[in-house]
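Based on these hints, arrange chain B on the given structure of chain A.
In case you want the letters, here they are:
Protein chains: 2
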Amino acid sequence: MAYSVKILSHDKKISATKGDLLADKIIDAGIDLSLYCNKKGMCGKCFVEIVEGALPTLDEREQNLLKQRQLSGNYRLACKYNIQGNLAINIPEISILQKTLILKTGIQLPLIINPPVKKYFCELKKPVLGDPRSSLELIEKHFRKKSLKIDLGLLNELPGLLEKSGYRITVALFKDSEIMAIESGDTTAQNFGLAIDIGTSTLVVELIDLNQGTSVDMETANNSQMAYGLDVVSRITFAFTDPKNLDKLQDSIIQTVSGMIRRLLKRNTVHPLNVYDMVIAGNTAMNHLLLGTPVNSLAVSPFHAVFRTLPELPATQLRFPINKTGKAYVVPNIKSFVGGDISAGLMATDLPIRKGTYLFIDLGTNGEIVLKTEKMFIATSTAAGPAFEGMNISSGMLALPGAIFKAEKKKKLTLQTIGNAAPRGICGTGLIDLVALFIEDGTILPSGAIADKSKAISVTNKIAITQKDIREIQLAVAAIKSGIRMILKIFRLRKEELDGVFIAGAFGNYLNIENAMRLGLLPAIDPEKVAFIGNSALAGARALLLSQEARRKTEAFIRKIQYISLATDPQFQDYFIDALEFGDRSDQI
Amino acid sequence: MAYSVKILSHDKKISATKGDLLADKIIDAGIDLSLYCNKKGMCGKCFVEIVEGALPTLDEREQNLLKQRQLSGNYRLACKYNIQGNLAINIPEISILQKTLILKTGIQLPLIINPPVKKYFCELKKPVLGDPRSSLELIEKHFRKKSLKIDLGLLNELPGLLEKSGYRITVALFKDSEIMAIESGDTTAQNFGLAIDIGTSTLVVELIDLNQGTSVDMETANNSQMAYGLDVVSRITFAFTDPKNLDKLQDSIIQTVSGMIRRLLKRNTVHPLNVYDMVIAGNTAMNHLLLGTPVNSLAVSPFHAVFRTLPELPATQLRFPINKTGKAYVVPNIKSFVGGDISAGLMATDLPIRKGTYLFIDLGTNGEIVLKTEKMFIATSTAAGPAFEGMNISSGMLALPGAIFKAEKKKKLTLQTIGNAAPRGICGTGLIDLVALFIEDGTILPSGAIADKSKAISVTNKIAITQKDIREIQLAVAAIKSGIRMILKIFRLRKEELDGVFIAGAFGNYLNIENAMRLGLLPAIDPEKVAFIGNSALAGARALLLSQEARRKTEAFIRKIQYISLATDPQFQDYFIDALEFGDRSDQI
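Sequence lines, in order, name chains A and B. Quick note: the first sequence, position 12, residue 14 per the numbering used here, numbers continuous. Quick note: the second sequence, position 405, residue 407 per the numbering used here, numbers continuous.
FYI, nobody ran anything at the bench for these hints, they're computed from the structure. In this text, all values refer to a predicted model and were calculated from it rather than measured experimentally. Hints are supplied without guarantee of correctness; some may be wrong.
Since copy identity is lost for identical chains, a pair holds within one copy or between any two.
Claimed, not checked - Dumping the calculated BS3-like pairs for lysine-lysine here, alpha-carbon to alpha-carbon at most 25 Å:
{"no.": "1", "residue 1": "Lys47", "residue 2": "Lys15"}
{"no.": "2", "residue 1": "Lys377", "residue 2": "Lys148"}
{"no.": "3", "residue 1": "Lys562", "residue 2": "Lys147"}
{"no.": "4", "residue 1": "Lys147", "residue 2": "Lys177"}
{"no.": "5", "residue 1": "Lys166", "residue 2": "Lys246"}
{"no.": "6", "residue 1": "Lys562", "residue 2": "Lys148"}
Chain A with its partners taken away, still in its complex shape:
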């Protein structure tokens, strides 16, 4: 027998068979009904208004949920409603799935919010003499689970909490199988996680509302490990020489990130107990150093890592100031020199599921290049050094207030600084602009030499670009340029065949595409094809914090990526030397 279901709120009409589950029919109709608890009737997030049609009796749990949500008596849970006749319904806005765009640029698909950590409010029945069920079983029964994992400390707190709360508690579940927290009363609104980008130079910690999928606030700092070495290689070498140094590096990063977390939570009056999960994106070496894992094998041939994918770790093992049962997920590394920051970035751009041929380039201290075609998924890396982050440059600085981040020359040189402050130095994008402009007007020759053989070019009274600075930029550009050229060459692709180039990294939108092409940092293609995606490592970490599927997908796609080692390819030196000349000449290899 076929019935009709009118969805008045969405102006849709569908047909159904006797006994069909209303939730399934709504999903089939292409409406993103919220199924937070996976159709278990526990979360009360799929209530629909029955305008016409049968109103089956509510059980006790449904009555409670209805009361909690302050809905009238003609609302029913779609995940518990079996269709028995013609229906007309309204789906309220609160029952529609929250989605979020991970990258602000909007180049990727909206992400369905399905975080590993979910919180549920439970009104439990007290045990009675005829059925003296154990406290833990009351919770298991509520979730219709035969058993739930629970930490011993939490188990021992359970009886007191049940008494205190009158059996009205909020349970935080990890992947619907492990109790992470039990709290008195309804605390479902307080559910936070941290997306963390551990860059070689810069650290970012973002506080995320796991219910809404929104960013609450962010904290940025320098990577304190810079005291032990500016780049990855120098830190690996430091760790290598003495096991105590590995501890120093680990302590340094943990303390700095912990301080950032504390400031972030304090500023937003979020209690550390209400932070249950964190996702950490860093390159392979940063990941190892964070975990205190020896990096010796990253330092010598065949340059292999100790781990690629790890299951969620207890955050307490890393001494992070969040809930004691909190989890820390380290975004899986692709290979020794293409780390979790890149996996996160690829996730954030949906690259694994895109049709076409794309380049993904992360411009950082280490330059990672990923080529995705219909047939292949290739990653490589090239050591650009810290010049793009203003390091080893006489007037270089990070993108902080006072940094020259943009330079233009029409009649005269105009400079823009971050925060419009008085110029204090030059950051990466400013350097690229300035060098490109000086090449353009002949002050710098394509070979990199200052034309008049002076030692420096004045930018302001106090700030100049030296010949040595130009050499640093030249080496950094050449590393990226030769990497791109070589990977295209190996797979017999012309740059014109690229459907798009994604530029990740601290440069963000401030990088002037024409100037980058002028230096040869980017292949000279249609600028419309180039998209700046900013800190895609952080964006990916956010996606992995909000979606269990994203974790599964990432772990699956990184297995398909092939790694190519440029450094060990005898041809690479030729490419590199040739790439030292500024510009993107088509006769270059």
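Just chain B now, with coordinates in the frame of chain A:
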């Protein structure tokens, strides 16, 4: 195409189809081929000699396994051998599954050894420049797993261990999904677990070889918590009055058991690092106190527990001196007053799968009675007090050297003591014998009064049974007797309908059945139907240590057991008062 497979060693002939897996055909033939690694070709425990038939080329792993096991070139792994023609094979004894009898009395089915913790020797390939796989991936690849859980500490030791061992390591896996230990070289032979019985009065720790399923050695001690209360109720009350007391009780048991473990390991020169798993059977209160879980809810109506089933806990959380990643499995409780010791006992006697009607009685400080019929599975408990363990008896003592454990009277009274030592006191079975003999000869009246109204009956020069002692025994017997009678009454069973009665508890084989029936402690049925199964809690713990299936089955069957509360039944008082008279009169209720 049908082929014949002759199994010469077992004098069997079976038929097979092209491509059939030899291992499957051997299992189908009813031969218990060892499939330790679940047909993954990793353990090398299913080698068979190919006497006639094709000898496919060995891959590197098979060659290594063959070398390790020192077998000749015509042996092949049955789990990797696809049948391509007629075959004649020999299955060597080493390829036949180890089985073990859990109860020494042999009343139960042999247990297939399939412990949660297994150790595998792995010869890994070192990473090479063309394939710089991470260290953890090398292990994952060896086990053909996409990912394996690993503790952070272990991960950080991994690189050093691989170097030191030349990539020849032994990996201990928990449930084939979690790395518990990585050891240098082949240490597969060193794989131990502990079966632990936490009785209210007595503690037993047994060291088990997880490869062979054999008992290595045993250690017995008094439960040190007796300092805080002789019986369960007094300890619960003690814990109840002050949260610090709960800690005291927990510390006491953990320290005592840890000491027992240390002595056991030292005596048998087993390193604590080679102990990976422990199974703990105790009653519900003992389980709670061990874990430091509040027992308040066990003290007041409706007398409910905090937990029933728990997943394996980290043994370090209980500070037990075994491997730092070791597991502790607490045998699931049935209800508040029928604990994991009974679940273990039921497992050990195969009661859940027996056809017929059985009683299972655990005679301890708490008397637990389980009735299993074709239709029902019922448990109840009754407070017998510690008299059967020699407590609260003027000359009472535990079953230690010098304890009178047996008394007979032909012409004169003859006494037997443990270790044939000079009599120091009387233990439970001795008390039952003596009281029964004194009732027989009229010294004690059925009402429990000493016939000549004297205050005591001499047993030896120094040892006597007082009127107060008899009252203690009377109360203990009445508790059990009224419990049995009531449960039979409720389910309308006559004692003659019982197919068997299993008696568990410290009494062991020393209990004289006729004397026990004379007192009314056991129903007066055919003595042939009564089986003493000794410490079945320990036996069950052993089974649960050796078999993953046993854990799953136990967790499943305890859900089916119904609990009946005798204490809250208004009829129970009548039964109890009536049962105070010694003997098993058929006119008693």
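To see whether the hints hold, each was checked on the structure:
{"no.": "1", "hint": "Lys47 with Lys15", "result": "within (22 Å within a copy, 62 Å between copies)"}
{"no.": "2", "hint": "Lys377 with Lys148", "result": "between (44 Å within a copy, 23 Å between copies)"}
{"no.": "3", "hint": "Lys562 with Lys147", "result": "between (35 Å within a copy, 16 Å between copies)"}
{"no.": "4", "hint": "Lys147 with Lys177", "result": "both (13 Å within a copy, 21 Å between copies)"}
{"no.": "5", "hint": "Lys166 with Lys246", "result": "between (47 Å within a copy, 20 Å between copies)"}
{"no.": "6", "hint": "Lys562 with Lys148", "result": "between (36 Å within a copy, 13 Å between copies)"}
Checked against the numbered hints above, the structure breaks none of them.
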